[in-house]
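Peer 1: Sequence:
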Amino acid sequence: MLLLDGFEKYIEENELFTHDDKILLTVSGGVDSMVMMSLTAAAGYRFGVAHCNFQLRGTESDEDELLVEREAKRYGVEFFNRRFDTTQEMERTGESMEMAARRLRYAWFRELCDEFGYTTIAIAHHSNDSIETFFINMLRGTGLRGLTGITTQVGRVVRPMMFATRKDIHDYAIAHHIPFREDSSNRTTKYLRNKVRLGVVPMLKEINPQFTTIMRRNIARLSQAQDFINSAIAIVKGEALETYGDIHRLKVAQIRPTLPRNYVIYEILSSEYGFKGDVVDALCHALDCDATGRRFYSREWVAVVDRGDVVIAPIQEDDSCETVVEKGVVRSYAGGQVLYYEYCNIDFIDSLDQGDNVALIDADKLHFPLTVRKWREGDWFHPFGMAGKKKLSDFLIDKKVSMAEKSRQFVLTSGDNIVWVVGRRLDDRYAITRKTENVLRVICYTL
Numbered sequence: 003m004l005l006l007d008g009f010e011k012y013i014e015e016n017e018l019f020t021h022d023d024k025i026l027l028t029v030s031g032g033v034d035s036m037v038m039m040s041l042t043a044a045a046g047y048r049f050g051v052a053h054c055n056f057q058l059r060g061t062e063s064d065e066d067e068l069l070v071e072r073e074a075k076r077y078g079v080e081f082f083n084r085r086f087d088t089t090q091e092m093e094r095t096g097e098s099m100e101m102a103a104r105r106l107r108y109a110w111f112r113e114l115c116d117e118f119g120y121t122t123i124a125i126a127h128h129s130n131d132s133i134e135t136f137f138i139n140m141l142r143g144t145g146l147r148g149l150t151g152i153t154t155q156v157g158r159v160v161r162p163m164m165f166a167t168r169k170d171i172h173d174y175a176i177a178h179h180i181p182f183r184e185d186s187s188n189r190t191t192k193y194l195r196n197k198v199r200l201g202v203v204p205m206l207k208e209i210n211p212q213f214t215t216i217m218r219r220n221i222a223r224l225s226q227a228q229d230f231i232n233s234a235i236a237i238v239k240g241e242a243l244e245t246y247g248d249i250h251r252l253k254v255a256q257i258r259p260t261l262p263r264n265y266v267i268y269e270i271l272s273s274e275y276g277f278k279g280d281v282v283d284a285l286c287h288a289l290d291c292d293a294t295g296r297r298f299y300s301r302e303w304v305a306v307v308d309r310g311d312v313v314i315a316p317i318q319e320d321d322s323c324e325t326v327v328e329k330g331v332v333r334s335y336a337g338g339q340v341l342y343y344e345y346c347n348i349d350f351i352d353s354l355d356q357g358d359n360v361a362l363i364d365a366d367k368l369h370f371p372l373t374v375r376k377w378r379e380g381d382w383f384h385p386f387g388m389a390g391k392k393k394l395s396d397f398l399i400d401k402k403v404s405m406a407e408k409s410r411q412f413v414l415t416s417g418d419n420i421v422w423v424v425g426r427r428l429d430d431r432y433a434i435t436r437k438t439e440n441v442l443r444v445i446c447y448t449l
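Quick note: the sequence shown uses my numbering, first residue 3, plus one each step.
Be a bit skeptical, because a hint or two may be false.
In silico DSSO-like pairs for lysine-lysine, Cα to Cα no more than 27 Å straight-line [stated by the list, open to error]: (1) Lys207 / Lys197; (2) Lys169 / Lys11; (3) Lys376 / Lys392; (4) Lys391 / Lys408; (5) Lys401 / Lys391; (6) Lys376 / Lys402; (7) Lys329 / Lys367; (8) Lys408 / Lys376; (9) Lys253 / Lys239; (10) Lys24 / Lys11; (11) Lys392 / Lys367; (12) Lys408 / Lys393; (13) Lys408 / Lys392; (14) Lys402 / Lys391; (15) Lys393 / Lys376; (16) Lys367 / Lys437; (17) Lys391 / Lys376; (18) Lys207 / Lys169; (19) Lys393 / Lys367; (20) Lys437 / Lys392; (21) Lys169 / Lys197; (22) Lys207 / Lys329; (23) Lys402 / Lys392; (24) Lys402 / Lys329; (25) Lys75 / Lys24; (26) Lys437 / Lys401; (27) Lys402 / Lys437; (28) Lys367 / Lys391.
What the hints contain is simulated information worked out from the structure, not anything from laboratory work.
Please construct the entire structure, taking both the sequences and the accompanying hints into account.
Peer 2: Structure below.
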């Protein structure tokens with residue numbers, strides 16, 4: 003019963019919900035969420051169960067659904083199930099599987115709460131998930147906030163299992179004969195989280211068997227530090243951030259000179275508007291150079307340097323989202339995508355077939371700076387593997403690219419030439435040949 007005691011104590015200490023609340027448990031059929039359902043019932047809370055079938059694993063997905071439905075009926079609680087055509091949604095929006103599934107499920111959870119009176123949405127993330135998130139964010143590049151792991155509560159979404167480890171949960175399930183399903187995709191190293199879970203974490207545990215306990219303490223301290231910073235940033239925002247409708251002006255001169263200016267700007271732009279660290283670094287450099295008019299992008303916002311201030315506004319549909327890529331830059335952003343740049347000798351390229359999300363470019367044919375922007379009517383290029391040039395609009399039609407995807411199609415350019423239709427086709431003029439010595443390898447990931 004130790005896990006049950008810890009469950010009730012964690013909920014009470016963090017004020018996640020009470021016995022008067024009506025809780026919507028999100029249950030996948032995996033061991034974490036099945037144990038969460040068992041603990042919630044044993045603790046006497048009122049709850050219903052929501053299950054998402056993303057139809058990505060064939061009969062495995064259907065068997066997950068059947069298990070969750072059976073167990074919900076055994077507890078005598080409301081059961082909600084929705085089947086999503088996730089693949090079609092990815093094609094419609096151009097999102098990654100993870101992004102599409104996340105958006106679909108949270109939108110549905112909110113609908114259920116509004117329609118059936120649920121006050122709280124409970125997710126079964128645990129402390130190991132938080133530790134893995136720490137390393138994932140560190141590898142991708144982050145500030146302190148990204149090192150605080152997974153938040154226990156955001157709005158009506160709560161995570162009551164964050165006190166427990168994966169082993170605690172698994173042991174409890176075995177001891178109490180709780181049925182659960184194993185997701186076969188958890189065993190593949192195709193995804194970054196699984197690489198961290200199956201490779202990095204076991205190695206660190208071998209170095210220090212107390213790794214999990216130490217990391218939980220580290221993350222707790224970092225979270226407290228971030229809370230302190232949030233309080234300070236709130237004061238700065240009150241002094242330096244002005245809002246006019248959906249336009250926001252950060253008056254940089256109003257930031258107290260005793261504060262680290264660039265870090266303050268990073269905290270405001272990252273937390274409020276989703277700007278990444280290296281984008282903010284470039285913006286701060288533009289401020290130092292008084293580069294009025296320079297534009298910088300996050301997924302949904304554009305920040306413009308304006309006479310020493312930073313003006314932040316929503317990206318308009320007709321905005322080309324053009325960003326400059328200087329030689330040596332390691333990363334740039336294109337809407338909901340991030341491009342990574344790696345320079346290497348041809349001898350280090352072991353295969354020319356690296357997938358549509360990778361471009362291998364003859365670096366000596368490029369003229370810097372490069373640019374990344376949305377495609378526009380009139381664009382043309384020489385598609386790799388095809389004779390002659392082709393209008394990009396015709397190429398996208400031939401590829402049966404949806405209107406939604408077209409609106410988010412970016413190109414990498416050198417001077418007036420398209421080098422890469424991002425994620426689709428390289429320009430033949432920049433392809434690797436027998437004479438190539440230096441390679442620019444560009445990798446596109448969806449955020």
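Peer 1: Take the hints in turn and mark each one as holding or not.
Peer 2: Verification of the supplied hints:
1. For the hint pairing Lys207 with Lys197, the CA-to-CA distance comes to about 15 Å; that is within 27 Å, so the pair holds.
2. Annotation: proposed proximity of Lys169 to Lys11 holds, straight-line Cα distance about 19 Å (limit 27 Å).
3. Note on Lys376 and Lys392: the hinted pairing holds, with a Cα-Cα distance of about 17 Å set against a maximum of 27 Å.
4. Of the supplied pair hints, the one linking Lys391 and Lys408 holds, its CA atoms being roughly 19 Å apart against a limit of 27 Å.
5. For the proposed pair Lys401 and Lys391, the alpha carbon gap of about 16 Å is at most 27 Å, so the pair holds.
6. Between Lys376 and Lys402, the direct Cα distance comes to roughly 18 Å. Compliance with the 27 Å bound is thereby established for this hinted pair.
7. The straight-line distance between the Cα atoms of Lys329 and Lys367 is roughly 13 Å, inside the 27 Å bound, and the hint therefore holds.
8. Between Lys408 and Lys376 the alpha-carbon distance is near 9 Å, which keeps this suggested pair within the 27 Å criterion.
9. For the proposed pair Lys253 and Lys239, the alpha carbon gap of about 10 Å is at most 27 Å, so the pair holds.
10. The suggested pairing of Lys24 with Lys11 holds, with an alpha-carbon distance near 18 Å, which does not exceed 27 Å.
11. With a C-alpha separation of about 20 Å, the suggested pair Lys392 and Lys367 falls inside the 27 Å cut-off, and the hint holds.
12. At most 27 Å may separate the alpha-carbon atoms for a hinted pair to count; Lys408 and Lys393 meet this at roughly 14 Å.
13. The hinted pair formed by Lys408 and Lys392 meets the criterion: a straight-line CA distance of about 16 Å does not exceed 27 Å.
14. Using a Cα cut-off of 27 Å, the hinted pair Lys402 and Lys391 holds, with the two alpha carbons roughly 19 Å apart.
15. Distance hint between Lys393 and Lys376 is fulfilled; the C-alpha atoms sit about 15 Å from each other, no more than 27 Å.
16. A threshold of 27 Å between alpha carbons decides the hint, and for Lys367 with Lys437 the separation of about 11 Å falls inside it, so the pair holds.
17. Among the hinted pairs, Lys391 with Lys376 is consistent with the structure: their alpha-carbon atoms are about 19 Å apart, no more than 27 Å.
18. Among the hinted pairs, Lys207 with Lys169 is consistent with the structure: their alpha-carbon atoms are about 13 Å apart, no more than 27 Å.
19. About 22 Å separates the Cα atoms of Lys393 and Lys367, which keeps this hinted pair within 27 Å; it holds.
20. For the suggested pair Lys437 and Lys392, the alpha carbons sit about 25 Å apart, so the restraint of at most 27 Å is met.
21. Restraint check for Lys169 and Lys197: the C-alpha separation of about 18 Å stays at or below 27 Å, so the hint holds.
22. For the hint pairing Lys207 with Lys329, the CA-to-CA distance comes to about 39 Å; that exceeds 27 Å, so the pair is violated.
23. Restraint check for Lys402 and Lys392: satisfied, since their Cα atoms lie roughly 15 Å apart, inside the 27 Å limit.
24. Taking the CA atoms of Lys402 and Lys329, the gap is near 34 Å; set against the 27 Å cutoff, the hint is violated.
25. A distance of roughly 17 Å separates the Cα atoms of Lys75 and Lys24; the hinted pair therefore holds under the 27 Å criterion.
26. Our distance criterion of 27 Å between C-alpha atoms is broken by Lys437 and Lys401, whose separation comes to about 31 Å.
27. A hinted pair counts as satisfied when its Cα atoms are at most 27 Å apart, and Lys402 with Lys437 does not qualify at roughly 35 Å.
28. The straight-line distance between the Cα atoms of Lys367 and Lys391 is roughly 18 Å, inside the 27 Å bound, and the hint therefore holds.
Of the numbered hints listed earlier, those contradicted by the structure are 22, 24, 26, 27.
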